[in-house]
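Engineer: Those protein sequence lines, which keep their order, are chains A and B. Residues in the first sequence are numbered from 51 upward in steps of one, following our numbering. Residues in the second sequence are numbered from 51 upward in steps of one, following our numbering.
Misleading hints may appear alongside valid ones.
[As the list claims (entries may be wrong)] Simulated crosslink set (DSS-like; lysine-lysine; CA at most 30 Å straight-line): (1) Lys341(A) to Lys184(B); (2) Lys185(B) to Lys184(A); (3) Lys72(A) to Lys185(B); (4) Lys347(A) to Lys185(B); (5) Lys171(A) to Lys184(B); (6) Lys341(B) to Lys170(A).
[Said to hold, decoys possible] Here are the computed distance ranges between Cβ atoms for each label pair: (7) Asn373(A) to Glu274(B): 31 to 37 Å; (8) Asn336(A) to Asp203(B): 36 to 42 Å; (9) Asn339(A) to Lys247(B): 51 to 57 Å; (10) Asp332(A) to Lys171(B): 38 to 44 Å; (11) Leu285(A) to Asp168(B): 41 to 47 Å; (12) Asn336(A) to Gln359(B): 48 to 54 Å; (13) Ser340(A) to Lys171(B): 44 to 50 Å; (14) Gly74(A) to Lys341(B): 32 to 38 Å; (15) Arg124(B) to Asp287(A): 53 to 59 Å; (16) Thr201(B) to Ser340(A): 38 to 44 Å; (17) Gly74(A) to Ile167(B): 42 to 48 Å.
Please keep in mind that the hints were generated in silico from the structure rather than gathered at the bench. For clarity, every value in this text was computed on a predicted model and none was experimentally measured. Positions of the beta carbon are idealized from the N, C-alpha and C atoms, including for glycine.
Protein chains: 2
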Amino acid sequence: MPVKFSLLNEDNGARLGRIETKRGNIDTPAFMPVGTAATVKALTVDQIEQTGSQIILCNTYHLYLRPGTERIERAGGLHGFMNFSKPILTDSGGFQVMSLSKNTKISEDGATFNSHIDGKKIFLSPEISIDIQKKLNADIVMVFDECPEYTKDKDRIKSSMDLSIRWAQRSKIEFGTNNEKMLFGIVQGGIFNDLRKECLERLTDIGFDGYALGGLAVGEPQDEMFKTVEEISPLMDKYKPRYVMGTGTPGDLLGAVKRGIDMFDCVLPTRSGRTGLAFTWDGKLNLRNSKYTNDDKPLDQNVDCPASQLYSRNYLNHLINCNEILASTLISWHNIAFFQDLMRKIRISIKNGNFQDFYNQHFEKLNY
Amino acid sequence: MPVKFSLLNEDNGARLGRIETKRGNIDTPAFMPVGTAATVKALTVDQIEQTGSQIILCNTYHLYLRPGTERIERAGGLHGFMNFSKPILTDSGGFQVMSLSKNTKISEDGATFNSHIDGKKIFLSPEISIDIQKKLNADIVMVFDECPEYTKDKDRIKSSMDLSIRWAQRSKIEFGTNNEKMLFGIVQGGIFNDLRKECLERLTDIGFDGYALGGLAVGEPQDEMFKTVEEISPLMDKYKPRYVMGTGTPGDLLGAVKRGIDMFDCVLPTRSGRTGLAFTWDGKLNLRNSKYTNDDKPLDQNVDCPASQLYSRNYLNHLINCNEILASTLISWHNIAFFQDLMRKIRISIKNGNFQDFYNQHFEKLNY
């Protein structure tokens, strides 16, 4: 069964769509929980599926270092290895080469760096990254790109972008033809939107199954991020999925959907969950706060998830104070369920043609 | 609905029974997972129930220190607080006063000690312990006892036992009359079985709903533990549940069942789970071992639990090496499911009158 993206509705800039894959549909706008090391931290696959998540993201860089490609390939890829039957997107490792590794050297061929785990020397190239992602058996594969650190040096960004485009071309050749999977290009260009436009044009000339904005959500103010999305998103192929990588807060998601984005991933729900921070329709709760010792309300009765409904804030505060693992599980589980509840309600509002009302009603309260 | 114990069958010393409570039945011989701080570590209540566990144990000492009785009582007791609907047994704190606390001073009144968490001075007495257990709303309540450390000083053990019996009497008075709950006496006496017999006789004269052996499984060789059980168990009221506290390995359970014991609790399945140690019908697996990187078999296909069947040893080894929380969850979950599978098969063998065959077939392999 070939993978297929359909644009179902547009409403004030926001888009309703669906990616159909042999492993299930992905309704867009979609949020992908992050399962870096082939596990969405602290959750079983049943719990992830119960949240309504239709796709997760795993990290090529981390999996290449541990446990290595061979052990996953032997299990029939990531789905068999981690017992997850729904679609999986893998990033290419480009971002982690910049953010995690040491002594990185970039050449035309690829990136040489030291593993952040044991210092071992590693080489990644477009061909190697795509080969790993094929062995991981990802349903959506990302091109290998260079992610330069934040800089105002336009020449540096331009030459990096040029390299990323050559790497995107090599990624596409290595990917070959496979109508059951998708290969996404990644738009770079730093803070220079003219470079981003050029990058998108040249990627579109090569031709990909979807287009991502990379190098955002790296600490810039939200309005800058929105501005970039607003300028670039309308230029992206209307009939292909549009993805902002590594984003974001509920407010980021609402604002990017408004500007035409279809896909998101972020560690925020799970990372926050492990520190006792819960996202709710009424705002953010720091469950470590002693005021919750007297709060017998459920975590968030507006979210249809056992973790949201069946455990009191009083109990969760107790679990956090005792460093109990169950605190990480329950709050991460709720947070992902909340993010999926948000995405579901966004999709319904686009379907019904009242996304702007929904946005106006919730943006301020959720932009925490 | 009054709580009730029925002895259903006896087979070569082993007993099949059932405790009926308003919160559900407990088939005996029964294993109780330990939920020290109102959570069986790393598991949701759904996962605990899926293992076939019909009762769990929580710790009065820990809960009294954190979060304190008031926050649990307000939630309607432990069941509401932790969202667990099945029966709960609470120990009295006596064992933790000995094993965890600092600067303990025992008087006729009770025990004064410093909290192991923050050094705060705490006082526990029979009246306070039973009052806490009532507020926790435990279905099975344990008398407050003094647990002397291991010693060959018989006079010391004798006077401690005398005190524990006076405390048991006071515990019973404080417990009062409540036919929906059970109060168990605890037989002390250290390594002196004549003292243990005397203790049991005097507790039986006071009259309890069940009898426990305390001060075992504290590091003594298994055959000594079995010898004590063998001598004392037949003297215990035949029509009341018999409980060995804090035990044990699968071999300990088999051996104690053979000697007439009905109930057990132990942290072993969860504590081992968090270190990567799995109990299986074929022996103990240290899943950290690098040999499991090449082992694509499920953890234990003989145990009917998602954690046992759906994840490979290769994957679990990867999760442990990455310190992923999911490793603790899955291996703890499997271990409890394995313990419950063992208890279920023990009960079936007693029912069918072939417990001795079952024992002979499994004792050596499981006595790891």
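Engineer: All the hints need checking, so say for each whether the structure fits it.
Structural biologist: Cross-check of the supplied hints:
{"no.": "1", "hint": "Lys341(A) to Lys184(B)", "result": "holds, 26 Å"}
{"no.": "2", "hint": "Lys185(B) to Lys184(A)", "result": "violated, 58 Å"}
{"no.": "3", "hint": "Lys72(A) to Lys185(B)", "result": "violated, 54 Å"}
{"no.": "4", "hint": "Lys347(A) to Lys185(B)", "result": "holds, 20 Å"}
{"no.": "5", "hint": "Lys171(A) to Lys184(B)", "result": "violated, 61 Å"}
{"no.": "6", "hint": "Lys341(B) to Lys170(A)", "result": "holds, 22 Å"}
{"no.": "7", "hint": "Asn373(A) to Glu274(B): 31 to 37 Å", "result": "holds, 36 Å"}
{"no.": "8", "hint": "Asn336(A) to Asp203(B): 36 to 42 Å", "result": "violated, 52 Å"}
{"no.": "9", "hint": "Asn339(A) to Lys247(B): 51 to 57 Å", "result": "holds, 54 Å"}
{"no.": "10", "hint": "Asp332(A) to Lys171(B): 38 to 44 Å", "result": "holds, 40 Å"}
{"no.": "11", "hint": "Leu285(A) to Asp168(B): 41 to 47 Å", "result": "violated, 60 Å"}
{"no.": "12", "hint": "Asn336(A) to Gln359(B): 48 to 54 Å", "result": "violated, 38 Å"}
{"no.": "13", "hint": "Ser340(A) to Lys171(B): 44 to 50 Å", "result": "violated, 22 Å"}
{"no.": "14", "hint": "Gly74(A) to Lys341(B): 32 to 38 Å", "result": "holds, 35 Å"}
{"no.": "15", "hint": "Arg124(B) to Asp287(A): 53 to 59 Å", "result": "holds, 57 Å"}
{"no.": "16", "hint": "Thr201(B) to Ser340(A): 38 to 44 Å", "result": "holds, 43 Å"}
{"no.": "17", "hint": "Gly74(A) to Ile167(B): 42 to 48 Å", "result": "holds, 47 Å"}
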